[in-house]
Every structure is written in C-alpha cells, then in structure tokens.
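**Q** For reference, the chains in residue letters:
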Amino acid sequence: MMVRDLITVVLVVLGVGFAVAGSIGIVRFRDTLARAHALSVTSTIAVVFVMAGVVVGMPDLGSVTKAILTVVFIFLTSPVGAHMLGRSVYMKRASRLELQKDELAAHRREVEE
Amino acid sequence: MNLLQFGTAIALVGLSIALVFTVYRLAKGATLGDRVEALDMLAVIAVLIMGVLAVRTKNPVLMEGAVVIALLAFMSTVAFARYMERR
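Chains as they are written, first to last, in the numbering used here: chain S, 1 to 113; chain E, 1 to 87.
Bear in mind the hints are in silico, worked out from the structure with no lab data behind them.
Any given hint might turn out to be false.
[Claimed, not checked] Short, incomplete list of chain S residues facing chain E, as computed with Cβ under 10 Å:
1) M2
2) T8
3) V10
4) G17
5) A36
6) A38
7) S43
8) A46
9) M58
10) G62
11) A67
12) I74
13) M84
14) R87
15) V89
16) S95
Each residue gets a CB set at the ideal place from its N, CA and C atoms; glycine is no exception.
Work out the full structure, taking the sequences as your base and the hints as a guide.
**A** Below, the structure is given as structure tokens:
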C-alpha cells in the first residue's frame with residue numbers, strides 16, 4: 001500500500017509542477033501566441049500526469065474509465081482550441097506579435113482587403 | 001498524517017499558486033485573447049483540483065466533475081475564438 005501511495009504522490013506532484021510552470025509562462029511570456037504555447041503544451045502534460053496518479057491511486061473501474069476519458073478529451077480539444085484562438089488573434093492583429101518570420105503575411109493582407 | 005495526505009496537500013498548494021498566477025493574467029489581460037487563454041488555464045486547473053481531491057478523499061464522484069469541466073472548457077474556448085474572429 002505504501003508503494004502505491006508513493007507512486008501516486010510522485011505522479012500527482014509532477015503533474016502539478018507542470019501546471020505551475022504553465023501558469024508562470026502565462027504571466028511571464030510577452031505576446032499572446034507565446035502564452036498560448038505555454039498554456040496548451042503544459043496543461044496537456046499536467047492532466048496526463050495527474051490522471052495517471054488517479055489511475056494508480058484509485059484502481060476501480062469507474063475512476064479509471066473517467067480518467068482515461070478526461071485525458072482523451074484534453075488531447076483532442078486542447079490543440080484545436082489553441083489553434084482556433086491563435087488563428088483569430090493572428091488574423092485580427094489582436095495582440096502585439098513579436099514574430100521572427102511571418103510566412104502568412106501575404107495571405108493575411110489578401111484576406112484583409 | 002500519512003504519505004498520501006501530505007503529498008496531495010503539497011499538490012493543492014501548488015495548484016493554488018498556479019491559480020493566483022492565472023487570475024493575475026485574467027485580471028490584467030491587455031487583450032481579449034490573453035483573457036480567454038487565462039480562462040482556459042483556469043478550467044484545466046479546476047480539472048487538476050478535481051483529480052487531486054479525488055485521490056485525497058478516495059471519492060470517485062469527483063472524477064465526473066473533471067470530465068464535465070474538460071468538455072465545457074473546450075466549448076467556451078471555441079465560442080470565444082469564433083466571436084473574436086467575427087468581430
């Protein structure tokens with residue numbers, strides 16, 4: 001029982017560490033697209049680790065099913081949501097963007113006209 | 001206090017810190033896109049709190065809340081993105 005508790009605690013604390021890193025990125029990064037990057041990457045990994053901790057800590061059928069369901073939902077929806085948000089910010093020039101290279105600039109001008 | 005209680009207490013403290021950072025970005029914003037991202041992060045942190053509390057209290061009912069919040073967060077993000085693009 002002690003080993004199972006230890007594995008659960010390690011997984012949960014690791015996942016929470018990723019969430020804290022993501023929120024620090026949301027505060028510290030400079031423009032909206034960089035913040036979207038910090039958000040979508042770290043939140044996906046954080047949910048995976050915490051739900052793995054739930055699977056180890058509570059191995060009954062209902063909890064394991066719901067944990068896997070949550071991970072699948074986050075994996076499917078987090079990239080799609082981040083992409084839609086990033087596209088609307090880029091196309092509407094809704095933020096100060098510090099881009100090294102802007103390969104879609106011609107397309108954006110075309111859409112704006 | 002056994003190991004599980006101690007570890008999940010540390011995890012809850014960490015999630016509170018993440019919550020404070022995210023609410024700071026939500027309040028300060030600068031643009032609408034930043035605020036929508038902060039709302040998305042708040043939903044993820046709510047899912048994580050549900051998971052940690054479910055492990056801590058051994059209460060499987062909390063996992064249903066995690067699934068529902070994960071779905072609603074995607075809906076609100078997509079709705080805000082569509083709104084920003086049409087405006």
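**Q** Does each hint fit the structure? Answer for all of them.
**A** A quick look at each hint next to the structure:
1. Among the interface hints, the one on S:M2 holds; its C-beta lies about 7 Å from the nearest C-beta in chain E, closer than the 10 Å criterion.
2. For S:T8, the suggested interface contact is upheld, since its CB lies about 6 Å from the closest CB of chain E, less than 10 Å.
3. Look at S:V10: its Cβ gets to within about 8 Å of chain E, closer than 10 Å, so that hint holds up.
4. This hint holds: S:G17 has a C-beta 7 Å from the nearest C-beta of chain E, less than the 10 Å allowed.
5. Against a cut-off of 10 Å between C-beta atoms, the interface hint on S:A36 holds, since the closest Cβ of chain E lies about 6 Å away.
6. Evaluation of the S:A38 hint against chain E yields a held restraint, the C-beta minimum of about 9 Å falling below 10 Å.
7. Interface restraint check for S:S43: the shortest CB-CB distance to chain E comes to about 4 Å, inside 10 Å, so the restraint holds.
8. For S:A46, the interface hint holds, the least distance from its beta-carbon to any beta-carbon of chain E being 6 Å, beneath 10 Å.
9. Taken as an interface hint, S:M58 checks out: its beta carbon lies about 6 Å from the nearest beta carbon of chain E, inside 10 Å.
10. Evaluation of the S:G62 hint against chain E yields a held restraint, the C-beta minimum of about 5 Å falling below 10 Å.
11. Hint on S:A67 holds. Least Cβ distance to chain E is approximately 6 Å, under the 10 Å limit.
12. Interface restraint check for S:I74: the shortest CB-CB distance to chain E comes to about 6 Å, inside 10 Å, so the restraint holds.
13. Below 10 Å, beta-carbon pairs count as interface contacts, and S:M84 has one with chain E at about 4 Å; its hint therefore holds.
14. Hint on S:R87 holds. Least Cβ distance to chain E is approximately 7 Å, under the 10 Å limit.
15. The interface hint given for S:V89 holds, since its Cβ lies 4 Å from the closest Cβ of chain E, which is under the 10 Å cut-off.
16. For the restraint placing S:S95 at the interface with chain E, the shortest Cβ-Cβ distance is roughly 5 Å, inside the 10 Å limit, so the hint holds.
When each numbered hint is compared with the structure, no violation occurs for any of them.
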